[in-house]
Every structure is written in C-alpha cells, then in structure tokens.
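Let chain A serve as the given structure and place chain B on it in line with the hints.
Now for the letters of each chain:
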Amino acid sequence: MNTTTNAGPASRPASARAWNSVRVGFFLASRQIRANVGTTLLIIIVMTLTYLNLLVMSGVMVGIVQGLHNERQSHYSGDIILTNYNQKDSIQNSSDTLAYLRALPLVASFSPRYLASGVLEGNYAGKLRLYDKPDVYGVNIAGIDPAAENATTDFSTLLIEGQYLEKNDYDQVLVGTSLLARYKTLTAIPGATPIPNVSVGSKVRVVVNGIEREMTVKGIIASKVQEINLRVFMVDSQLRAMLGRDDGVNEIAIKLAPGADAASVQRQIQQSGIGANAKIELARESEPTFFEDFSTTFNKLGSFLGGIGLVIAFIAIFILVFINTVTRRRSIGILQAIGIQSAGIEIGYVVQSILYATVGVVVGMLVLFMFLVPYFSVHPIDFPFSNGILAVSFAEALAKALILFVAIILASLIPARMIMRQEIVDAILGR
Amino acid sequence: MLEARDLKKQFTSGEDAQVLFEHLDFTARAGEFVVITGRSGSGKSTLLYLLGLLDTPSVGTVTVDEITGSSLPRNARTSLRLERFGYVFQDYGLMSEMSALDSVMLPLIMRGESGARAALSARAALERVGLGNYTEHKPARLSGGQQQRVSIARAIAHNPPYILADEPTANLDNASALEVLQVFGDIHRTGTTIIMVTHEKESLALADRILNLNQGTLGEIAHTPQSPAQMPSGI
Chain A
31 MNTTTNAGPA SRPASARAWN SVRVGFFLAS RQIRANVGTT LLIIIVMTLT YLNLLVMSGV
91 MVGIVQGLHN ERQSHYSGDI ILTNYNQKDS IQNSSDTLAY LRALPLVASF SPRYLASGVL
151 EGNYAGKLRL YDKPDVYGVN IAGIDPAAEN ATTDFSTLLI EGQYLEKNDY DQVLVGTSLL
211 ARYKTLTAIP GATPIPNVSV GSKVRVVVNG IEREMTVKGI IASKVQEINL RVFMVDSQLR
271 AMLGRDDGVN EIAIKLAPGA DAASVQRQIQ QSGIGANAKI ELARESEPTF FEDFSTTFNK
331 LGSFLGGIGL VIAFIAIFIL VFINTVTRRR SIGILQAIGI QSAGIEIGYV VQSILYATVG
391 VVVGMLVLFM FLVPYFSVHP IDFPFSNGIL AVSFAEALAK ALILFVAIIL ASLIPARMIM
451 RQEIVDAILG R
Chain B
6 MLEARDLKKQ FTSGEDAQVL FEHLDFTARA GEFVVITGRS GSGKSTLLYL LGLLDTPSVG
66 TVTVDEITGS SLPRNARTSL RLERFGYVFQ DYGLMSEMSA LDSVMLPLIM RGESGARAAL
126 SARAALERVG LGNYTEHKPA RLSGGQQQRV SIARAIAHNP PYILADEPTA NLDNASALEV
186 LQVFGDIHRT GTTIIMVTHE KESLALADRI LNLNQGTLGE IAHTPQSPAQ MPSGI
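The listed protein sequences derive, respectively, from chains A and B.
Using my numbering, read the first sequence as starting at 31 and increasing by one per residue.
Using my numbering, read the second sequence as starting at 6 and increasing by one per residue.
Next comes chain A alone, as it looks inside the complex (with noise of 0.2 Å):
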C-alpha cells in the first residue's frame, strides 16, 4: 500500500478546503434528497404554500383596493377623466372639448355627463295623507349618452335588473342600488333612508332644477363605486331640457386606446388648453383620498400578515433541520469522525433547504401566475365594499421569494451550527 506522506493539514489550503466542503455539501444533500424523495415532496408543498401564504395574505389586501380602483376605471372614471372646476358649473367650452377629443387619435371612446342634484321619489302615490312621511333621497342625476356610455365604461354590465337605457328613453330612469331599501349596501350615504318598495317598472318622481317629472325606473345599476352607486341616470337629452342647459358638461369619462400612455395623453390634453377650463386627471388622481388611506392600511396589513408567515416558514425549516440534526447526531459523530468537515455538512444541510425553497417558490410562481391571479381576475372576491382581485405583480413575487431564501438559509444554517459544536465523541456515542 501507497501511505500518504504529505505534510498533514497544513498541505491543504483553507480554499481548497473550502470548496471540497461545497462539494460535500452537495453531495449529502443529494443523497438524503434522493433516499427521502416522499418527505422531499412534502416539504415541498409546505414551502409552495408558505410562499403562496406570504403572497397571498398581502395581495388579497392590496387587491380590496386595487379592485376598487379597476373597477372605478372600467365602469366610472375611464382612463382619464375630465371634471369641472370646484368653481365653475360645468366645463367651459365643452363642445370645443368634445371636437378636440374626437379628433385625438389615441382616445378610444369618451363619454360626457350632465350631473344635477335633485330628489327622487318613489311611492307617493300611496300617500295622500299631510302627515305621511314621503320616500324621498336627495340624489345626484347623471346625464348621459347610453351608447358613448357603454362604448367607454360597459356600464350596461352593472345592469342586475330590467334594461339599459336607449338614445330615445324619455321619462325613465336607471336607479343605483345604494338608493333602493331593497338592496343592502354598503355605499348608501349614513343617515339617508334609501327609498323602499321601488323596483323595475316602478313610476318614481324625480326633481331637478324646480321640475318634476314622473318616470319609470328602466333599470337597477349596481356597482362598488360610490359614484355610480347613488346616482340616478337618464339620457343625456331630457335632463339638459330639464336643466335648461344646452353646452356645459361636468364630466368627460375617456377610454383610450390599448397600450396608450395615458400619462402622455393627460399631457397632450393639458398643453392644448383644456386645462384651464377641465380639471384632467388619470383613474388614480381622481380618486377620492380615502383610496389611498385604504392602500397605506392594507398593505401595511398585508406585510404583518405575511412577516407572520414568514416567521411560520423560519420555525417551520428551523424545526426541520433540527429534527434531523438531533436524530442524525450519531451519522454527524461519524462524518466529522472520517474526515468531513463541519462547513461540508452545513452546507448539506442548506443547499437541501435552498432547494426545497427553490422548488416551492417556482411552483408557487406557477400556481399564483398561472392560475390563482387569472382565476380572482376573472372571478373577483366579492368584498361588501370591493370587488377583490390578487394584487402581486412579478416583481413582488421576486422580492418575497428572496426574503424567503434568506429566511430559509438562516433557519437551516442555525440548528446545523448548533448540532457541529457537540464534541464528537459525545456524537458517536449518544452522550
């Protein structure tokens, strides 16, 4: 036989050393990965659903107000919307507005409204008494152009009864359900007592500008945005005649075309002078501020939710590890015994947990992209005030995933250490 005759230690230096203990490491890991290939799955699936737990938590809570906020776009604000100023009764120069914005290649559809306060009635037919008490709301009436209407914002899909309105539609009306006792909201103004007993097909009276007309509700809107939800709309036409008022419109709602910067359009909007008559503002500065309050909240929520998980996910591999550090004490006795250095056997133990992390949160990547974000987009959680989508961009999933890794080569690393400092005897024989 060949003896060794090098020089002992010494020989080899601390980087070779290094990199043979990676080595090791690898291959231990290998091994117990391939001999323990149903306990590998499982904690697999723990790590995809501790990583789905930490994205999921936060998104549901960011996506309450991100569906808020789709929702205002899609059926109310449009991408940019033009408003009146505080000041001012209506946007000056309307009809030069709307010629301008027809001529803008980018805008897809607009749809301008003619806003009124005014008093909806219902029920006054049975009551003829001076004592009886009248169901009245006091209301905002929009009037808008039906087809420029659902061009824009598919406001025919807020339709839960009867039919949307038509160009020609005189005398009858689109109710939101916020005004209705039949509906329960959580959107109806606190303190108004919303009108009972009024469905399609009822007559309502409705009052705008000292004239009252009598009208047949056409149709009941329902919508998580406050706005649409305590409106009352008619066609555009009768509530100008109503209002005596032939240009001045409060609203302009626009749609613009797919990928179109709104940004920019905004910009183009304000340098041709537009500005000084209409406020321009895109979805999200038109919302009302309790918007923003509602996302500083949530996402504060969703971080604390998933830092829990992730303390869930650190015990979790830390219990793991350990476990199998205190169960394997002997197996560890005898590798430190033949010559496997402690770092070797760390490293086994973290390349396991990277993997387990690595696989967890590419199934998890695929299960939340693939399937979970598309599904809620489709089919949103139908919240009382909010209708929730999972709100988790890519970017996020990234971020989450790396805090993950740390989390995880933290909680697999200390209990390793800890078992390595045990003297190896004491390893080998139980003490």
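Hints listed in this document are in silico derivations from the structure and should not be mistaken for laboratory results.
No residue lacks a Cβ here, since even glycine has one placed at the ideal position from N, Cα and C.
It is possible that some hints are incorrect.
[Said to hold, decoys possible] Residues from chain B shown here face chain A by an in silico Cβ test under 8 Å; the list is partial:
1) 59
2) 60
3) 86
4) 145
5) 159
[What the hints assert, rightly or not] Just a sample of chain A residues kept apart from chain B, beta carbon distances all over 12 Å, derived:
6) 186
7) 197
8) 239
9) 335
10) 374
11) 430
The following block gives chain B in isolation, referenced to the frame of chain A:
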C-alpha cells in the same frame, strides 16, 4: 509513527471527577498491528478515540508523524484525520441513505478527488474487501459483515497510513467476523499500521503487539505474532 505521551483522561460530572487513566504513553510504529484489550470500562475505546484525534486528552499529547494533532484547531484536526486515518466503528457507522459506493466516495470527495476519480477509487476499495458486486447496495440490504467491510473500504479507500478499529467484529457472527479479520489481515500485509481495540481471540492472533489496559495502566502482553502464512487468507 503514532505516539501519545503522558496522556490523562478525566471525566467530570458536577463536582465528581473520574480519572480514567493518566501518565499513559503509547507508540505504534509504521506497519505495526497493535491490539488493545482490556475489560469493559477500562478506557480502551477512549484511548483509541484520543489516538485518532476524535477526542482531546485532559493532559498530554498525541503526535501523528511528528504533527501534534491534539493541539490543532478543530478544522485542522479534521483535515489531519482525513489525511492520516481510516476509522472502523463497532456498528459500522454507515449512512442509511448512502449506497456502499457513496459511503466510500465521501471521504475521497472531501480530499478533493473528482466525482469520477472518487467513484473509481471507491470501486477499487470495495473490490479489495470483496464487495465489488454490492456497490449500489444501501446498508439495509447488506448483512452485518458486509456493512463492516463497506466501513473498512471507506477507511482504506484513500490509503491512510493508520487504520483505527473499535471492536470491529463485536456485532458479527463468527463467519462474518472471520471474513472481516481476513480483510484486516490483507490490509496489514500492505504495510498499513492498524490499531484495533477488541476482545476477540481471533483478532489477537493477527497482532504484532497486544497491549492490555487495566486500571489506567497500559501493559504489553507476551505474544508471538503469526506469520503472514498463518494468518487468515485473503477473501
């Protein structure tokens, strides 16, 4: 040469201290087959662990080829063990998830051999112990004697100058024990130094020297080593 000088091993439990042995000297010359015997609890396995740098003495030094191994830092001691020693444990010390080939390859990879080269060396070592056809078998599919021979293959695969064996045949039936001792006989014939702790008479027959550890004192027992021809033949 493997030397221990003025060794003392003391175990402390609370305020109680038990001295297993002290002022103990030991020398194994290159190529020697030294057997250490003694009653249960005499400290012979502890002495073997000290000589193999698996444990640190309370007092004294262990020198391996002029390197004072007992005073090296932990990582350097591990490297020295990898370079100079092969270990054979009473209950084999194999990993349940590893095949025979994997078990033998592991220290070779730690020494820096490529995967292919390590596999080649490991196969050769398994051939030497008569397990050339069992390379892919995991411990659960091997008999006790075969597992011990895998353990020996792992110990000799990197050609260390010293093999330390702790009761290697204690868990085996007579036939398996004889097979294992034959392997040790073959290894010894190649010039490797073997230090074995054992009770078995068959093992004593192989020894160049027999040392008895009794009440903390290491004494040599008069013994006539068998000539290689008298030793159990190779497998």
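Against the structure, the hints come out as follows:
At its closest, the beta carbon of residue 59 of chain B sits 5 Å from a beta carbon of chain A; the interface hint therefore holds under the 8 Å criterion. This hint holds: residue 60 of chain B has a C-beta 4 Å from the nearest C-beta of chain A, less than the 8 Å allowed. About 5 Å separates the beta-carbon of residue 86 of chain B from the nearest beta-carbon of chain A, less than 8 Å, and the hint is met. A cut of 8 Å between beta carbons decides the hint on residue 145 of chain B: the least distance to chain A is about 10 Å, and the hint is violated.
Nearest Cβ of chain A to the Cβ of residue 159 of chain B: about 7 Å, under the 8 Å cut. The hint holds. With a least CB separation of 64 Å from chain B, residue 186 of chain A remains clear of the 12 Å interface cut-off, as annotated. Look at residue 197 of chain A: its CB is around 77 Å from the nearest CB on chain B, clear of 12 Å, so calling it non-interface holds up. No Cβ of chain B approaches the Cβ of residue 239 of chain A within 12 Å, the least distance being about 85 Å, so the stated non-interface status holds.
Consistency note on residue 335 of chain A: stated as away from chain B, and its beta-carbon is indeed over 12 Å from all of that chain's, at 37 Å minimum. Listed as a non-interface residue, residue 374 of chain A fails to keep its Cβ farther than 12 Å from every Cβ of chain B; the least gap is roughly 7 Å. The Cβ of residue 430 of chain A lies farther than 12 Å from every Cβ of chain B, with a closest approach of about 32 Å, so its non-interface assignment holds.
In terms of the numbered hints stated before, the structure departs from hints 4, 10, listed from lowest to highest.
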